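Chains as they are written, first to last, in the working numbering: chain A, 1 to 418; chain B, 1 to 418.
Hints are computed from structural coordinates only; laboratory data are not their basis. Warning: the hint list may mix true and false statements.
Okay, derived cross-link-like pairs now, DSSO-like style, lysine-lysine, Cα gap no bigger than 27 Å in a straight line [claimed, not checked]:
#1 358/A with 222/A
#2 72/A with 72/B
#3 306/B with 127/B
#4 127/A with 358/A
#5 155/A with 155/B
#6 226/B with 215/B
Distance ranges between label pairs, derived from CB positions [said to hold, decoys possible]:
#7 115/A with 381/B: 56 to 64 Å
#8 27/A with 153/B: 37 to 45 Å
#9 198/A with 94/B: 22 to 30 Å
#10 225/A with 186/B: 38 to 46 Å
#11 376/A with 23/B: 32 to 40 Å
#12 347/A with 195/B: 37 to 45 Å
#13 149/A with 195/B: 29 to 37 Å
#14 99/A with 214/B: 54 to 62 Å
#15 270/A with 195/B: 35 to 43 Å
#16 270/A with 153/B: 32 to 40 Å
Note that the coordinates shown come from a computational prediction; the quantities given were computed from them, not determined experimentally. Idealized CB from N, CA, C, for every residue including glycine.
There are 2 protein chains.
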Amino acid sequence: MNTSVRPRIVIVGAGFGGLFAARGLQCVDADITLVDQHNYHLFQPLLYQVATAGLAPSDIAWPIRGILSRQKNVTVLLDRVSDVDTTGGAVGTAERRIPFDYLVLATGARHAYFGHDDWEPHAPGLKSIDDATSIRRRVLMAFERAEMTNDGHLKTSLLNFVVVGGGPTGVELAGTIAELARRTLAADFRRIDSRSARIFLVEAGPRVLPAFSTKLSDYAQKALQKLGVEILLGQAVTHCDSTGVVVAGETIPAATVLWAAGVAASPAGAWIEAETDHAGRVVVNSDLSVKNHPNIFVIGDAAAVKDPKGAPVPGIAPAAKQQGRYVAGVIRSRIENRNAPAAFRYRHSGHLATIGRKSAVIEFPFLRLSGMLAWWVWGIAHIYFLIGVRSPMTVAINWFWQYVTYGRGARLITGERK
Amino acid sequence: MNTSVRPRIVIVGAGFGGLFAARGLQCVDADITLVDQHNYHLFQPLLYQVATAGLAPSDIAWPIRGILSRQKNVTVLLDRVSDVDTTGGAVGTAERRIPFDYLVLATGARHAYFGHDDWEPHAPGLKSIDDATSIRRRVLMAFERAEMTNDGHLKTSLLNFVVVGGGPTGVELAGTIAELARRTLAADFRRIDSRSARIFLVEAGPRVLPAFSTKLSDYAQKALQKLGVEILLGQAVTHCDSTGVVVAGETIPAATVLWAAGVAASPAGAWIEAETDHAGRVVVNSDLSVKNHPNIFVIGDAAAVKDPKGAPVPGIAPAAKQQGRYVAGVIRSRIENRNAPAAFRYRHSGHLATIGRKSAVIEFPFLRLSGMLAWWVWGIAHIYFLIGVRSPMTVAINWFWQYVTYGRGARLITGERK
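Turn these sequences into a full structure, and let the hints steer you where they fit.
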């Protein structure tokens, strides 16, 4: 370890975990390097709005440099980490080696294809801005191609949308695509009726939103059905290719399949050769450090953390924020030779999910909300949490405008088409 | 011609010309097909704002279907036209043949590389949303790479930005990049000083903004120099590759070269084998129809039209709108067997260009404005003309926010990187 100069802290990943770790180290006399493969911090809870053309990418993503420009002890590096040298204490990328005294891995997760990684090109997941604009292109192009074709079978397949996974992302995607088809696009086409589109939500478990109480699950299911979403429960996708999916032996022809199931942590566990759980999350100590590596911490979706009752901490933004803040405190106490904080304790603040533009479900520890009121609470909470350099007001206005007009202004087909 | 059924009108291109032609035909009993290779109408005068991270693509582009959803006599087709059968009366794409009784070609223009089309990959032009996000990526990545490299020569080249062409687009790009480097990014980097970036504006003619009066040209030149833009006049680029450009025998090493020079009309002239001028614009009759093809019209940047004094009509949005409206009137009069309107007469409403966030030049026929007041007139006029389904208010708020904070919220690096 270098003891002569300021301690070097490397944080990998500028999601909620990494960003809150960096911010928590604001007053520490250290050289912090924050490495991310993108130049932006992403407000992931609203990513489905970009995928369904409700918001523009820049409404929910902000340059990391902009967020941290005043925090002079942080250097932001746009680069992709490829390995970690735990013995020498350095993070490696294709072009450089970044030495560290303390390392925070906040590298997040992707969706899991349960051993069928070859399904990914046919059923993209939703984790980055490029994922979202690519899904937006697929969804909008499906309607465009349906309008153009004279082939009845192709038309059916183009107007079938399958969302795999009944968690919040799957529910939000399915609900919003249903509204897009039923309302937003209803007057736009001349040869097809976009309202005839069928939206399937496939969930392998017995109910949608399994993290919520059964009452709210039921509510969400009914609200989705009211929007015209067909829900297939207790059935897993057994096959997926460019023509559609097979669910419980039945083929659903569908040009658009979106994947919102399962969680596979980033390769952070492999980099440091640490013990991982079934989803690839690194098993961490009670201070979120890694076994045998007291100076390496793993937080957020990349880590397997238990709450005080022994249940796994959910992979949601508030959990990552709490862990980022906590780890900053641990590192600070070590650098400043103070007592270490007590073991990490997750405080659950609640689960939220929206169903279309009128309804949401919210489960706070002591309160359950559903319906229109929940939608407003959800909307206001999300606008409140938009912490970017861009005006959150524009998001508010975009939403209000959409709400009044049913329009979705960001319906642009950009980038290369298939 | 088919006389038994409703006349078929095909409009190719949904820019200002095509869109105003379609709208002008609102009350005509005809089947109108509007074909465009994109699903959006683009407010091109603000495209440089997307390229320089000030606005999001969806702030300045709107789904064509959304704009025309209430005009039931229009079918919008997302397709790329490849040829026109003038004898049989049909437009061809890769997959279909669209028969017409009347054809309006409003296919626009691209930048001209003066016989050096091989320069295009190194010096992209700015005509579409994808151009703009690609330029945004290049500009932002240049700063990122400069921050990362230890190679002094490479750093110099990464911090040199060359804009070729001193018309409004070139002036706006150079001014905004200068502000990005001098103000917006000034606090963001730790290893480079973004303010040390050099921005070159190369114009082959004797002054910038050649369409404006010399007084306003001078003003614009001084305003640009104040922002730190280095202006090279009377000098053409003689060579361009991935390492930079050669201007008047001198090499400027530059990783980022942007092309805003010259105009090359779309291949519409070749499709119909019509006479074209030096820039490929179709020479049209006084009613904007094509010689020997009274039912085929060419408008906007694709056409070579003269104003009442015999001077060429400029390639700007108001000219295209006037021509679109005019052609709609001509077609309508023919369909309804009324007297044809008098020959097309261009009414010049003015030229506008901005220089950074504080200054603009406006040349109305009877009034010249420059400086801050011109900037406000420009801003209000542009917001007024935003005709989309998205709230123009969000654009106003984004601008106001940028103006107060110097932030450019859309600084996202998306898509594939070089």
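Against the structure, the hints come out as follows:
1. Under the criterion of a C-alpha separation no larger than 27 Å, the hint pairing residue 358/A with residue 222/A is consistent with the structure, at around 13 Å.
2. Annotation: proposed proximity of residue 72/A to residue 72/B is violated, straight-line Cα distance about 58 Å (limit 27 Å).
3. Our distance criterion of 27 Å between C-alpha atoms is met by residue 306/B and residue 127/B, whose separation comes to about 24 Å.
4. With a C-alpha separation of about 25 Å, the suggested pair residue 127/A and residue 358/A falls inside the 27 Å cut-off, and the hint holds.
5. For the proposed pair residue 155/A and residue 155/B, the alpha carbon gap of about 52 Å is over 27 Å, so the pair is violated.
6. Our distance criterion of 27 Å between C-alpha atoms is met by residue 226/B and residue 215/B, whose separation comes to about 17 Å.
7. Separated by about 58 Å at the C-beta atoms, residue 115/A and residue 381/B satisfy the suggested range of 56 to 64 Å.
8. About 39 Å separates the C-beta atoms of residue 27/A and residue 153/B, a value consistent with the hinted range of 37 to 45 Å.
9. Range check, residue 198/A to residue 94/B: about 29 Å between beta-carbon atoms, so the 22 to 30 Å window is met.
10. The hinted range of 38 to 46 Å is not satisfied by residue 225/A and residue 186/B, whose Cβ atoms lie roughly 53 Å apart.
11. Take residue 376/A and residue 23/B: their Cβ atoms lie about 37 Å apart, and the range 32 to 40 Å holds.
12. At roughly 44 Å, the beta carbons of residue 347/A and residue 195/B sit within the given window of 37 to 45 Å.
13. At about 54 Å, the CB distance of residue 149/A to residue 195/B disagrees with the hint of 29 to 37 Å.
14. Look at residue 99/A against residue 214/B: about 59 Å separates their beta carbons, and that is inside 54 to 62 Å.
15. For the hinted restraint 35 to 43 Å between residue 270/A and residue 195/B, the CB-CB distance of approximately 42 Å keeps it satisfied.
16. The supplied range of 32 to 40 Å is met by residue 270/A and residue 153/B, whose beta-carbon atoms lie about 37 Å from each other.
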